[in-house]
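Visitor: Please put together the full structure from these sequences, using the hints given.
Just so you know, the protein sequences line up as chains D and V, in that order. In terms of the working numbering, the first sequence has 91 at position 91, counting the first letter as 1, and numbering is strictly consecutive. In terms of the working numbering, the second sequence has 218 at position 218, counting the first letter as 1, and numbering is strictly consecutive.
Calculated directly from the structure, the hints in this document are not laboratory data. Among the hints, a few may not be true.
Straight-line alpha carbon distances no greater than 20 Å define the calculated EDC-like cross-link-like pairs of lysine to aspartate or glutamate that follow [as the list claims (entries may be wrong)]:
{"hint": "1", "chain 1": "D", "residue 1": "Lys77", "chain 2": "V", "residue 2": "Glu401"}
{"hint": "2", "chain 1": "V", "residue 1": "Lys393", "chain 2": "D", "residue 2": "Asp78"}
{"hint": "3", "chain 1": "V", "residue 1": "Lys393", "chain 2": "D", "residue 2": "Asp58"}
{"hint": "4", "chain 1": "V", "residue 1": "Lys323", "chain 2": "D", "residue 2": "Asp185"}
{"hint": "5", "chain 1": "V", "residue 1": "Lys83", "chain 2": "V", "residue 2": "Asp195"}
{"hint": "6", "chain 1": "D", "residue 1": "Lys122", "chain 2": "V", "residue 2": "Glu8"}
Letter by letter, the chains look like this.
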Amino acid sequence: MAEVIRIEALTKNYHTDAGEVCVLKGVDITIQSGEFVAIMGPSGSGKSTFMNILGCLDKATSGNYFLNETDTTTLNKDALASLRNHVIGFVFQGFNLLARKNLIDNVALPLVYAGIGAKERKVRALEVLKSVGLEAYATYLPNQISGGQQQRVAIARALINRPKLILADEPTGNLDTKTSQEIMDLFCELNDKEKITIVLVTHEPDIAEYSKRLINFVDGRIQHDGLTAHFQASHV
Amino acid sequence: MIFMMLQEAWSAMSANRLRTFLTMLGMVIGVGAVILMSSIGAGTQAKVKESIASMGSNLFIVLAGSMTSGGVRIGSGGVQTLKMNDASAIEELSSIKAAAPVVPGTAQLVYQSANWNTQVSGTTPAFFEVRDWPSEEGSVFSDSDVRSATRVAVLGKTVATNLFGDESPVGKTIRIKNSPYIVLGVLASKGQSLDGRDQDDTVMVPITTAQTKLFGSQFKGVVRFIMVEAVSESVMDKAEEEMQVLLRDNHKLRPNAEDDFTIRNLTALANTAAETTKAMSLMLAAIASISLLVGGIGIMNIMLVSVTERTREIGIRIAIGAKQRNILLQFLLEALMISIIGCLIGVCVGIGGAYGVSAFFPISVVITQSSIVISFLVATCVGVFFGFYPARKAANLEPIEALRYQ
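Guide: In structure tokens form, the structure reads like this:
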């Protein structure tokens with residue numbers, strides 16, 4: 001199995017009025033292709049910051065981050081944008097769909113920035129919408145469908161450029177239990193069938209249960225990194 | 001890609017119609033004002049140009065008079081110091097193309113039951129050359145008419161219309177001061193002069209006829225003024241100097257005596273008038289273009305608001321792979337679209353306004369292509385210039401901060 005993510009001695013500091021705040025204090029992680037990793041930790045433990053760095057939305061203060069064997073710390077903004085477009089699919093807690101665009105256009109948006117023609121965009125957008133079971137709503141606006149459906153659309157958008165890696169930041173945080181389960185089933189299916197590597201942040205143990213590997217952050221450091229079952233057992 | 005971006009810009013514009021409309025209004029008024037003002041300017045300039053062209057080119061007028069008699073200074077034309085031989089002497093100068101002595105007066109004209117009071121000028125055939133004034137019908141009188149002081153007349157267009165109506169005047173006999181004159185021809189229309197006089201309201205007769213038969217001057221061979229045409233514009237100054245020397249010599253003036261004549265460079269005067277109208281129309285356009293600038297600032301203002309409002313949207317776009325130039329282009333295109341559409345409407349408003357002005361006011365307007373092209377280019381530049389800062393602001397957003405923006 002090839003490694004998708006290798007992180008070495010990663011730190012992240014923020015400048016605030018109160019002075020330097022150290023959010024990540026040296027993190028080393030390797031994630032192999034096809035893994036399903038859950039990241040947990042209390043508020044302020046640095047898990048969201050870590051996730052943003054994984055998604056190339058934020059830059060580390062020091063340390064190395066190899067994504068797909070590319071050292072991201074040396075890349076410029078446009079190269080990072082290209083990585084976000086081609087390698088990573090991002091799913092947010094708040095869905096982050098564009099309210100003015102219908103579902104097809106929302107899903108197809110990454111393809112616009114990948115430079116793909118209108119016809120192919122439409123075909124592929126319909127295809128992924130179908131795979132998440134929403135092809136019937138293709139021309140709806142985001143505010144015309146439910147939260148669970150919106151998150152499916154967001155997942156479809158994350159999938160459209162056939163990414164190696166899906167990063168999900170509390171994807172079920174705004175959803176009820178039943179819808180959360182459906183979303184998690186979808187992630188499992190993508191992981192099983194498409195062999196897409198999935199990293200998701202959550203603070204709910206029963207959501208983390210869907211993963212195979214669990215990384216627990218405490219105060220900017222990794223406190224646990226191992227099988228999900230082991231961690232759950234030790235915290236019951 | 002570019003079509004997609006255009007669609008994107010369009011949908012962003014139509015998302016907030018009233019605001020887009022108001023932003024556009026700035027451009028509409030700016031461009032409309034520029035086009036309207038420059039049409040009025042161009043119209044005025046065209047009118048002045050027409051008058052100047054009708055005057056003849058490289059023109060001098062030599063007026064008699066301006067002499068001091070016992071401490072009393074008498075204005076131009078007040079004394080009769082110019083003679084026929086002054087005109088023929090001037091014509092001999094190498095820098096002079098032609099010189100026409102003129103004796104003006106007014107007289108009552110009668111043809112059958114119609115009559116008309118107008119200016120009757122005695123002159124030589126050179127006059128028609130100097131003023132560049134050909135006959136439209138029939139012909140003008142010849143040098144032999146001048147030599148033998150025949151009773152012939154050439155009518156201005158207005159006089160011909162007033163005396164003859166639709167009838168052709170050529171060959172007919174009219175009465176000037178009760179003496180019969182044969183009409184040789186009708187002059188082509190010249191229109192208004194710079195000071196608004198109708199140049200066509202005039203009759204020309206041989207100068208000798210005017211002197212001896214019509215007005216009967218007490219001094220033989222006296223003329224009121226001489227119209228002079230120089231060979232070219234470049235010799236105008238030289239011609240003026242030569243004429244002065246020649247006339248002083250002819251009039252036997254002592255070196256310390258004042259000139260008993262006045263030479264006026266009509267072409268220079270006309271050029272000054274042209275310069276003035278040009279400056280006026282430039283000023284009009286400059287004032288109008290200030291509103292174009294204000295329109296541009298309006299666009300910038302709205303684009304800045306729009307970028308702030310859509311920070312989250314920009315964050316999403318960046319997060320899923322939009323490069324800086326994509327975001328830059330998106331907002332730049334939006335600004336450009338507002339200014340170009342505003343400009344198109346403004347062009348229509350400006351042209352409509354120009355026609356409106358010419359319909360309701362006695363102002364002539366000329367809509368120039370260049371004013372449309374220039375205002376279009378300026379509007380585009382304004383769009384790019386004032387759209388660039390907000391667009392760059394959007395493109396430089398950090399993805400994580402943009403996404404967190406509420």
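Visitor: Are the hints correct? Go through all of them and say.
Guide: Cross-check of the supplied hints:
| no. | hint | in the structure |
| --- | --- | --- |
| 1 | Lys77(D) <-> Glu401(V) | 14 Å, holds |
| 2 | Lys393(V) <-> Asp78(D) | 16 Å, holds |
| 3 | Lys393(V) <-> Asp58(D) | 18 Å, holds |
| 4 | Lys323(V) <-> Asp185(D) | 33 Å, violated |
| 5 | Lys83(V) <-> Asp195(V) | 28 Å, violated |
| 6 | Lys122(D) <-> Glu8(V) | 16 Å, holds |
Going through the hint list in order, the structure does not satisfy hints 4 and 5.
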